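Go ahead and model the full structure; you've got the sequences and the hints to work with.
Number of protein chains: 2
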Amino acid sequence: MDRAGFAIGIDVGGTATKLAAADSSGLCLREIEIPTHAEHRPVRFVRRIASVIRLVESELGGPADGIGVGLAGDVDAARGVLRFAPNLRLWNGFNFKRAFERAPVSGRGSGSRRVVVDNDANAAVWGAYVMEMGRRPSDVVGITLGTGVGGGLIIGGRLHHGATGSAGEIGHVKVEHPGLRCRCGSRGCLEAYAGSYGIVSRARKLLRTSAGRKSPLKDLAPDPKDLDCRVLGLAAERRDPLALRVWAETARYLAIGISDLVVLLNPDAVVILGGVSRAGPFLLGPIKEHLAREPFRTAFEAVSVRVARNPHWGCVGAALLAWEAAGAASQAGA
Amino acid sequence: MDRAGFAIGIDVGGTATKLAAADSSGLCLREIEIPTHAEHRPVRFVRRIASVIRLVESELGGPADGIGVGLAGDVDAARGVLRFAPNLRLWNGFNFKRAFERAPVSGRGSGSRRVVVDNDANAAVWGAYVMEMGRRPSDVVGITLGTGVGGGLIIGGRLHHGATGSAGEIGHVKVEHPGLRCRCGSRGCLEAYAGSYGIVSRARKLLRTSAGRKSPLKDLAPDPKDLDCRVLGLAAERRDPLALRVWAETARYLAIGISDLVVLLNPDAVVILGGVSRAGPFLLGPIKEHLAREPFRTAFEAVSVRVARNPHWGCVGAALLAWEAAGAASQAGA
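Quick mapping for you: the protein sequence lines, in order, are chains A and B.
Position 240, counted from 1, in the first sequence is what our numbering calls 240; the numbers after and before it change by one each time, with no gaps.
Position 287, counted from 1, in the second sequence is what our numbering calls 287; the numbers after and before it change by one each time, with no gaps.
Heads up, a few of these hints could be off.
Which copy? The list can't say, so a pair holds if one copy fits it or any two copies do.
What the hints assert, rightly or not - Straight-line alpha carbon distances no greater than 20 Å define the calculated SDA-like cross-link-like pairs of lysine to any residue that follow:
#1 K205 <-> D219
#2 K288 <-> P178
#3 K288 <-> S186
#4 K288 <-> H177
Source of the hints: derived by calculation from the structure; they are not laboratory data.
Remember, predicted model here, so these are calculated numbers, not experimental data.
Below, the structure written as structure tokens:
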């Protein structure tokens with residue numbers, strides 16, 4: 001075969017699903033976004049995605065070399081099962097690996113697909129690790145900032161899954177005691193402070209107490225209901241004091257979580273991803289100042305904290321995980 | 001050679017140094033304890049230990065197959081240098097690996113020793129992993145409870161050192177914000193609450209406020225200066241309410257630290273070691289109760305939390321690390 005080959009990466013969120021075809025270097029050849037329709041049954045979702053895959057396959061002139069699926073939830077990566085996802089509740093317990101393996105392949109019938117299923121944050125962190133860091137550092141922690149706070153661990157150059165595939169859930173490290181209620185049901189989790197819902201509710205509270213005064217933030221969001229992290233980022237760019245204060249607080253909570261993972265794991269690098277990481281310029285400075293005050297110097301001096309240049313590596317990362325599995329399989333066969 | 005072979009493990013603390021000769025299965029053949037004399041220069045310490053090693057070698061009929069050194073401080077395991085140790089300040093920056101490699105060997109002159117240097121908690125956790133868990137679980141976190149709180153990580157069946165050899169410092173995970181001052185200089189660290197100095201100072205404070213009332217604890221330690229973790233353990237066995245309260249609080253702080261490492265690492269097991277772990281019966285129940293309330297079920301149901309049967313695996317663990325390195329070297333040579 002003289003065509004270069006491609007893998008399909010699929011990033012499944014509660015609202016939208018993104019699909020990308022990427023070659024083994026991560027170069028993106030096609031990108032498609034469709035609604036997830038989490039209210040449908042999962043087999044229907046797989047059938048719909050499979051037809052998109054066949055479309056891409058016919059455009060690119062052959063079957064995909066592998067399929068990587070990143071799911072927004074607790075995933076049993078070994079079996080390919082979505083264990084639990086708050087935003088994909090109807091799909092909990094569904095075996096996505098088996099379903100995609102059995103989906104028909106262009107011109108080949110079915111049953112011959114190589115499918116990898118993982119947590120969406122793991123896929124995104126793997127994408128950033130390969131594409132932005134060239135796999136150079138050995139140990140990297142990725143943090144995804146979105147509605148929730150997720151993460152992934154690279155240890156010894158490989159994704160670390162832990163006992164049940166749940167490793168890297170930095171959003172549920174405790175940063176206050178007892179602290180605010182998190183959506184997971186616990187209290188004081190980083191996510192309750194640095195997930196977009198935590199950030200926005202803190203900003204709304206501050207807005208209410210600062211009634212009357214004019215500010216760039218109030219110009220951008222006259223109705224507090226319009227307030228979101230994008231608006232808070234724009235307001236911070238205009239030096240809005242309230243927005244800057246909210247980002248500084250968010251940075252402080254992130255710094256507590258990062259300091260915990262630095263003393264535990266002593267990583268080479270921490271990389272921040274996800275939509276909310278666009279506010280990176282207002283987070284990175286304060287985070288580094290907090291970490292510079294930690295007395296445990298060796299580990300804190302060794303770690304490089306950065307914001308990913310591309311906040312969304314989920315699809316490409318999932319495709320790269322499929323390439324990784326294909327490589328491991330061909331090595332095992334050799 | 002028909003003799004079975006042995007490695008020497010050395011556990012260097014601020015006050016005492018323990019030395020053990022162990023075969024490759026970890027069976028202890030000799031054990032010796034001598035004062036550390038941290039006020040001497042490190043070359044003098046190495047010379048003194050080397051003569052003890054030669055004594056053991058002559059008793060056991062041949063040179064040791066390797067030497068493992070566990071140091072109570074921040075260790076650069078790759079180079080074998082003690083970077084920083086609060087209780088061995090005169091020795092900071094000393095290269096123990098080189099010094100022990102060059103120390104004379106019985107009947108062979110010098111220069112032929114195989115030496116491994118690591119953090120003392122890493123050595124102890126490795127000892128517990130091999131001797132009590134038979135290396136079965138893939139990912140284990142060990143926590144050492146003593147004056148300070150240390151730890152070590154086993155990931156994929158191997159000690160995880162991290163970027164600079166400082167991984168596993170669970171004692172400096174934050175459990176209160178800002179919280180009590182820790183001896184590392186930071187605030188709110190687990191060690192400030194679960195290190196013996198934190199436990200004892202909490203107990204003394206409670207004792208002062210409960211003046212007058214009789215209790216088993218006051219019988220055991222009429223002078224608050226006599227209060228230590230051993231006494232608090234004995235008092236708890238006699239159902240002393242104050243001692244039980246101190247252990248329950250300690251368990252709560254430990255549970256916060258353990259919950260952080262469970263969501264981050266999703267380990268198969270957590271094992272608690274060190275002198276203070278003798279109070280395990282008063283810690284383990286409350287820790288498990290706290291963890292059972294964490295809503296992130298998959299990771300918390302997967303983890304087994306236990307107290308090591310032997311709290312002190314430091315020496316044997318260091319000897320086993322030397323065996324490990326010898327095995328790796330002979331594999332590399334084969």
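(message) Are any of the numbered hints broken by this structure? If so, which, sorted upward?
(response) none
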